[in-house]
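Q: Sequence:
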Amino acid sequence: MAPGRHGANESSFALRVRAGRGPARLEAAATGRESVADQGATALLVIDIQNFYFEGGRLALAGPVEASRNARRLLDRFRARGWPVIHVQHLPEGAEAPCPDSGDAATRIHPDVLPLPGELVIVKHHANAFRGTGLEGALRERGAGRLVICGMQTHMCVEAAARAGADLGFEVTVIHDACATRALGFGGTKVPAPHVHATALAAIANMYGRVVSTEELLAEVC
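Its first residue numbered 31, the sequence shown is counted upward by one per residue in my numbering.
Simulated from the structure, these hints should not be mistaken for laboratory data. One or more of the hints may lead you astray.
[What the hints assert, rightly or not] Simulated DEER-style distance windows between Cβ atoms: (1) 219 to 170: 39 to 45 Å; (2) 225 to 148: 20 to 26 Å; (3) 222 to 146: 33 to 39 Å; (4) 225 to 167: 23 to 29 Å; (5) 106 to 218: 41 to 47 Å.
In this text, all values refer to a predicted model and were calculated from it rather than measured experimentally. Built from N, CA and C at the ideal position, the CB exists for glycine as well.
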């Protein structure tokens, strides 16, 4: 596995369930380094899984259906445990109110991951979900020291949130098969979507957190 930030390998960031001490929490196991959030709750951050990223949308991605279904599995597990869930929705400048199932159909949150009543929806206007929003405050209020991140696009808003979250002191885990992105180009060279996806995840794993599959994460929190 790729080393995470501070040079530790993935086993250093293994997550385990702590039972019998109030609300279920995740804790670092056998770290060899002390986490700033060893006692903190873990929050799920679902970023920009919106209709315009799916087939027929104006910015259709590669593999959005698989990603959204895996994100739903994560949602189901976090909801069942009563752990914090925060949705992020990208809206145009000037649109302030979240509209998960109303308003412009293209910007609606996809049906696979619609928020439940009482779940927080953070509206953003920039790639970084922490910029100009109440996201950091919401996480602190919920006692969250760890972030599990999924969503769209891997190389933009997911990576931006992972980097910003790590810089703010959160322990970051990105779920690679619950994210999706698209092909890019530069200087006449087309970069296929799987390469863009892998490159973004490699950058995250190198410095900002760890990258695991949906199955791996669910096995850790069973």
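Q: For a quick check of understanding: which of the numbered hints are violated here, in increasing order?
A: 2 and 4
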